[in-house]
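From first to last, the protein sequence lines are chains A and B. Residues 1 to 287 in the working numbering are what the first sequence lists, from first letter to last. Residues 288 to 575 in the working numbering are what the second sequence lists, from first letter to last.
Note that these hints are calculated values from the structure, not bench results. Keep in mind that this is a model prediction, so the values were computed, not measured. Beta carbons: idealized from backbone N, C-alpha and C, even for Gly. Treat each hint with caution, since some may be false.
Stated by the list, open to error - A partial selection of chain A residues facing chain B, derived with a Cβ cut-off under 7 Å:
(1) V29
(2) P40
(3) A101
(4) A105
(5) L115
(6) L125
(7) T126
(8) M129
(9) P131
(10) F139
(11) C160
(12) I164
(13) V222
(14) I271
What the hints assert, rightly or not - Using 27 Å as the maximum straight-line C-alpha spacing, the simulated DSS-like pairs for lysine-lysine come out as follows:
(15) K535(B) x K228(A)
(16) K290(B) x K180(A)
(17) K118(A) x K290(B)
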Amino acid sequence: MTDVAAGQAVSTPVAARRVRSRVGFSWIVPALYIFFLLVPIYWLLNMSFKTTNEILGTFSLWPRDFTFANYAKIVSDPVWYNGYLNSILYATLNTVIAVSAALPAAYAFSRYRFLGDKHLFFWLLTNRMAPPAIFALPFFQLYSSVGLFDTHIAVALAHCLFNIPLAVWILEGFMSGVPKEIDETAYVDGYSFQRFFFKIFIPLIAGGIGVAAFFCFMFSWVELLLAKTLTSVAARPIASVMTRTISISGYELGVLAAAGALTIIPGAIVIYFVRNYIAKGFALGRV
Amino acid sequence: MDKTVNNRAWFMVLPVLVLVAFNAVIPLMTVVNYSVQESFAGNVFFFEGSKWFEQVLHSDRFHAALGRQFLFTGIILAIEIPLGVGIALAMPRKGPWVSVCLVLMALPLLIPWNVVGAIWNIFALPSYGLLGRSINALGISFNFTRDVFDAWFTLILMDVWHWTSLVVLLAYAGLMAIPDAYYQAAKIDGASRWAVFRYIQLPKMRRVLTIAVLLRLMDSFMIYTEPFVLTGGGPGNATTLLSIDLVKIAQGQFDLGPAAAMSLIYFLMVLVMSWVFYTVMTREEART
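Given the sequences, and given the hints that come with them, work out the whole structure.
Set out below in structure tokens:
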């Protein structure tokens, strides 16, 4: 016993030294990878600050003729800025709907066994995996027939198809990490279910809710096919405005690049807030 | 965890059930309906039975798209999984750089898919893009809108750029869950770097890697927007993957039957893969 303790005491500084020496070399790999990730994004920013003439006329690694004109066009043209507002609106709506519907369901899956629970969970998962291309045409007809075509709520509801299963899945993972004894103790102490759920349980899995909300927002924000199918003018997402620009106004690369650069910002903000949970979140709470 | 048997839990699942059923069951039934009928002018229908299914299953076009889809999925899995694990192993474990790495690496995941396509389009353009211009400057002719190989090269590179971070983050989460005691024990035993990876890190990452492989497999099967914006499926049909082909068929013809039949075949393939996914996942969870 003393030998083991002594051995540990001796080995700890050695281990620390070895870890440090390994850090000395291995930072190169993530650094190179991040460089590879950032170069195309840099090129996008580079393009967005150039005039169309410079893009088509000369090849330069940084903008010689620095201009904000491309961004100014987006901020001043209602078609463009409404595209942003529409996307943010339906993604937020979708996040609220998906997470609030998924919370009780995830609790049921993590705590109870009930008739058909496994089949139901599998059926939910298949919807996360179903290619949206299959649903594009019937979605158009379905949402037209209930009079929701070209509304934000239509896109928010349609994105529930894959976001609710994902939210249930993530939340179930996080909830299963909370010992069941906590529930039982609360009931013994005379808590009603509602009071227990909102006062005790939700604070315990706040990180998981944050991660689930992040994922719902993210997948709603990045999806294009369904959002484009379900909207025409009033609720058209920014992504759809961009693809239309390519086809109508020829090739305004500068404006396109500026619009693309602006779509990165909401994601970057959201990701900053959940940075401490992100690794666990991507593992869907199952580490 | 022991679960209580309680069938009233169905009430808690009800909101989810209603919302997802509205989005999944009704459209799917519409597709089933179209797949067995022939339509004229969009409002006169005749029952056709399995005609469209036979037509799709025997069409060279479907086989070609399916083949391209498998090729694409195979290549990106072979690149992204080892690369992601390698990068996760080299990442710092603690300190201020962890957050910086995680946020920067997660960035591509949050870019709208059509913007990913647009970024790579701009980046790879033979005359205006950094990548295309650089490759051409090396004396290698590169034009992803004309040459089949170049189109595939750009497509694969784009997907690696877009999704390797997902594998990195998953593998990293698995690595962080390994207690320090394991490494100390390995050190006392004088284990080599390879032995530590093979017998400690890899088994501990099994579960997250299963999720990574299966998520990438399924998601690569439904990829649509990025290749559509990058190449539009071209040159010719060289990068027309399953989803792109399906949308082309659905939009290009007045008859919805073949598109609906193809949708269902596509959906069944995904369903089978989902089932494998679910079985593997639940078995992994039962093991731990």
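Status of each hint after checking the structure:
1. Interface restraint check: V29(A) against chain B, minimum CB-CB distance 4 Å, threshold 7 Å, status holds.
2. At a threshold of 7 Å, the smallest CB-CB gap from P40(A) to chain B is about 4 Å, leaving the interface hint in force.
3. Residue-level restraint check for A101(A) holds (minimum Cβ-Cβ distance to chain B is 4 Å; threshold 7 Å).
4. At about 4 Å, the closest approach between the beta carbon of A105(A) and any beta carbon in chain B falls short of 7 Å, and the interface hint on this residue holds.
5. Against a cut-off of 7 Å between C-beta atoms, the interface hint on L115(A) holds, since the closest Cβ of chain B lies about 5 Å away.
6. A cut of 7 Å between beta carbons decides the hint on L125(A): the least distance to chain B is about 6 Å, and the hint holds.
7. Below 7 Å, beta-carbon pairs count as interface contacts, and T126(A) has one with chain B at about 5 Å; its hint therefore holds.
8. Residue-level restraint check for M129(A) holds (minimum Cβ-Cβ distance to chain B is 5 Å; threshold 7 Å).
9. Against a cut-off of 7 Å between C-beta atoms, the interface hint on P131(A) holds, since the closest Cβ of chain B lies about 4 Å away.
10. Given the 7 Å rule on beta carbons, the hint for F139(A) holds: about 6 Å separates it from the nearest Cβ of chain B.
11. For C160(A), the interface hint holds, the least distance from its beta-carbon to any beta-carbon of chain B being 5 Å, beneath 7 Å.
12. A least Cβ separation of about 5 Å between I164(A) and chain B falls short of the 7 Å threshold, and the interface hint therefore holds.
13. A least Cβ separation of about 5 Å between V222(A) and chain B falls short of the 7 Å threshold, and the interface hint therefore holds.
14. Restraint check, I271(A) versus chain B: the minimum CB separation of about 5 Å is within 7 Å; hint holds.
15. At most 27 Å may separate the alpha-carbon atoms for a hinted pair to count; K535(B) and K228(A) meet this at roughly 15 Å.
16. Using a Cα cut-off of 27 Å, the hinted pair K290(B) and K180(A) holds, with the two alpha carbons roughly 9 Å apart.
17. Restraint check: the Cα-Cα separation between K118(A) and K290(B) comes to about 13 Å, which is no more than 27 Å; the hinted pair holds.
Going down the numbered hints, you'll see the structure goes against none, and every one checks out.
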